[in-house]
Amino acid sequence: MRDVVITGAGVVSALGNTRTLFVERLFAGRSGVREITRFDATRFRSRLAGEADPAGLDAAASGAFGHEIARMDRFVRYSVIASRAACTESDIGNGHGTPPGGVVCVGVGMGGLPHIENGILLQESQGVRRTRPYLIPSLIPNMAAAMISLDLGFEGAQYTFSSACASGTQALGEAFHSIRRGQRKWALAGGTEAVITPITYSGFQAIHALSCRNDAVTPRPFDCGRDGMVVGEGAAMFVLEDAEHAAARAAVPLGRVTGYATTSGGGGITLRSSEAAGRCMAEALEDAGARAEDLDVIFAQAPGMSHDDRELAAIRTVFNSTRPAITSPEGHLGHTFAASGPLSLAAVLGAFERQEIPPTLNLDTPDVGFEQMDLVSQRRASRVDRCLINSFGFGGINASLVCIRS
Amino acid sequence: MEGSPLFERVVRHIGEYLEQDVSHLTPASRPATALAGLDSLKLFEMLLYLEDCLGVEFDDSVMEHMETLGELVDYVARQMPAVKAV
Numbered sequence: 000m001r002d003v004v005i006t007g008a009g010v011v012s013a014l015g016n017t018r019t020l021f022v023e024r025l026f027a028g029r030s031g032v033r034e035i036t037r038f039d040a041t042r043f044r045s046r047l048a049g050e051a052d053p054a055g056l057d058a059a060a061s062g063a064f065g066h067e068i069a070r071m072d073r074f075v076r077y078s079v080i081a082s083r084a085a086c087t088e089s090d091i092g093n094g095h096g097t098p099p100g101g102v103v104c105v106g107v108g109m110g111g112l113p114h115i116e117n118g119i120l121l122q123e124s125q126g127v128r129r130t131r132p133y134l135i136p137s138l139i140p141n142m143a144a145a146m147i148s149l150d151l152g153f154e155g156a157q158y159t160f161s162s163a164c165a166s167g168t169q170a171l172g173e174a175f176h177s178i179r180r181g182q183r184k185w186a187l188a189g190g191t192e193a194v195i196t197p198i199t200y201s202g203f204q205a206i207h208a209l210s211c212r213n214d215a216v217t218p219r220p221f222d223c224g225r226d227g228m229v230v231g232e233g234a235a236m237f238v239l240e241d242a243e244h245a246a247a248r249a250a251v252p253l254g255r256v257t258g259y260a261t262t263s264g265g266g267g268i269t270l271r272s273s274e275a276a277g278r279c280m281a282e283a284l285e286d287a288g289a290r291a292e293d294l295d296v297i298f299a300q301a302p303g304m305s306h307d308d309r310e311l312a313a314i315r316t317v318f319n320s321t322r323p324a325i326t327s328p329e330g331h332l333g334h335t336f337a338a339s340g341p342l343s344l345a346a347v348l349g350a351f352e353r354q355e356i357p358p359t360l361n362l363d364t365p366d367v368g369f370e371q372m373d374l375v376s377q378r379r380a381s382r383v384d385r386c387l388i389n390s391f392g393f394g395g396i397n398a399s400l401v402c403i404r405s
Numbered sequence: 000m001e002g003s004p005l006f007e008r009v010v011r012h013i014g015e016y017l018e019q020d021v022s023h024l025t026p027a028s029r030p031a032t033a034l035a036g037l038d039s040l041k042l043f044e045m046l047l048y049l050e051d052c053l054g055v056e057f058d059d060s061v062m063e064h065m066e067t068l069g070e071l072v073d074y075v076a077r078q079m080p081a082v083k084a085v
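Residue numbers (numbering that gives the first Met the number 0), protein chains in the order written: chain A, 0 to 405; chain B, 0 to 85.
This is chain B alone, in the form it adopts within the complex:
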């Protein structure tokens, strides 16, 4: 997945939102620990930002797909059927 257009796009938008260097992120990165200062408010606002950027709508199950960044990108891909995650 790493290097896939969707993964790179998601990571780019996360960096834009947090206004920090996120080049260390990999599909195995856990957002809760890999992203400095990501409390619940920032997390939910970041998801809204990703929705806006990617043109998708996440449902409540998104939180079940946040263990790793790879899971999140897979979830995003399922919301964007025209886009392949890998």
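Looking at chain A on its own, in the form it has when it is part of the complex:
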């Protein structure tokens, strides 16, 4: 089995569009959640969003396929920006083609929902013939991996993972496994999501999933006063690499991926199963050859919804008395769906570098019954050598990733 290192990372997020800004603001406890600017949200009970920082986003529409990228929905543009940054940091595939043996793996949950909605509105208000020729290519989920590949001149295999909020973590995990078993030398992997559009708010409002507080202290992961998620968006892409391949070209490892598992099983489409989530974490640890007591920090999904407690129950079962620190970036960002696991990985790399744990924003009073768990509500200096990332998606899809410091 091959060792797998991370040699580059790129981020688009509500906290900024470089990995440095993202990490600085995450650890500083800054919130990226604000009033929605993209549409009039007064008719919805939730009027907040974690909109991506607009700085630098126009730069996506450049290069040989700039014309096409400009017409893509946001999830594609974000993924292209994040991929370019990851490749730049890794010094792989920048203007001189990509080395052989690579794979592109991108997780996308809902694809181009904004363009679907706008396309329908345009068709119904102005007629069929006003539908834009780029409508279909702009919204199909595989177009993130496709435009990344075209933009880089990448000629290897590309895959799109669509497994709701577990999409990005599955993309990372499957890329990791393919390198570890020697099938690939390197991968560009991660997740992207951008669905801040009215129909998203209608859909989640219909299932009472959104926070209605509309104040400056929501969402509230693990807090007893949590009342739902805030819609977030973003992308995080990483260059994963066979350690020897990276060393041969003097690429600097930012961290290592050592374990991954994905499981199915839930109490329904939305009802999270603690048993299945716990089984996923345990299998990821086993895949990493790690014990529960080896783990320092869990980067939980925890969007601030009622079922956050299911994740805590699962953690308690798996980790029993070892009490790893638990944090979640979703209080800063809102729920970023397919991008949530990859954005947690960007946070993990920051934790490795800083030897600190970022705070769980807006966590004041832990949920009843979980007071004895080590929920990190304030930024904390700590040894951070081994982390686990959790992602859970609609339909009972679970994915966990284990990473260690280089």
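Possibly wrong hints are sitting among the right ones.
[To be verified] Label pairs and their calculated CB-CB ranges:
no., chain 1, residue 1, chain 2, residue 2, range
1, B, S60, A, T19, 47 to 57 Å
2, A, R382, B, E44, 54 to 64 Å
3, A, L56, B, G36, 16 to 26 Å
4, A, D214, B, A35, 51 to 61 Å
5, A, R37, B, S22, 31 to 41 Å
6, A, S201, B, G14, 36 to 46 Å
7, B, P4, A, N213, 55 to 65 Å
8, B, E7, A, A205, 46 to 56 Å
9, B, E44, A, S305, 42 to 52 Å
10, B, E66, A, V251, 50 to 60 Å
11, B, A35, A, G264, 49 to 59 Å
12, B, D20, A, G264, 26 to 36 Å
13, B, G14, A, A60, 10 to 20 Å
[What the hints assert, rightly or not] Simulated crosslink set (DMTMM-like; lysine to aspartate or glutamate; CA at most 25 Å straight-line):
no., chain 1, residue 1, chain 2, residue 2
14, B, K41, A, D52
15, B, K41, A, E123
16, B, K41, A, E116
17, B, K41, B, D58
18, B, K41, A, D57
19, B, K41, B, D20
The set of hints was computed from the structure by calculation and includes no laboratory data.
Fair warning: this is a prediction, and the values are worked out from it, not measured in the lab.
We put the CB at the ideal spot given by N, CA and C, even for glycine.
Once you've looked at the hints, dock chain B against the given chain A.
Just chain B, lined up with the frame of chain A:
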């Protein structure tokens, strides 16, 4: 036709849409080969752009008049009866 107001206008709008120098275009130019990177998506979007700019509506037969730029301009002229192509 080359130098006619409608030809020059169509070429100007094609250049605007593609954001590239199209001064090499003549009535004999074949859009499929003379315009770099013109795939079907760009072509159909360009036709919508020309519709907007020229205030006309193309029907489905427009694709039968795309062999050369001259044919396209003749087709456009027929959609704009008040304008003469030459």
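Please name the hints from earlier in the document that this structure breaks, with their numbers sorted from lowest to highest.
The structure conflicts with hints 12, 14, although it agrees with all the remaining ones.
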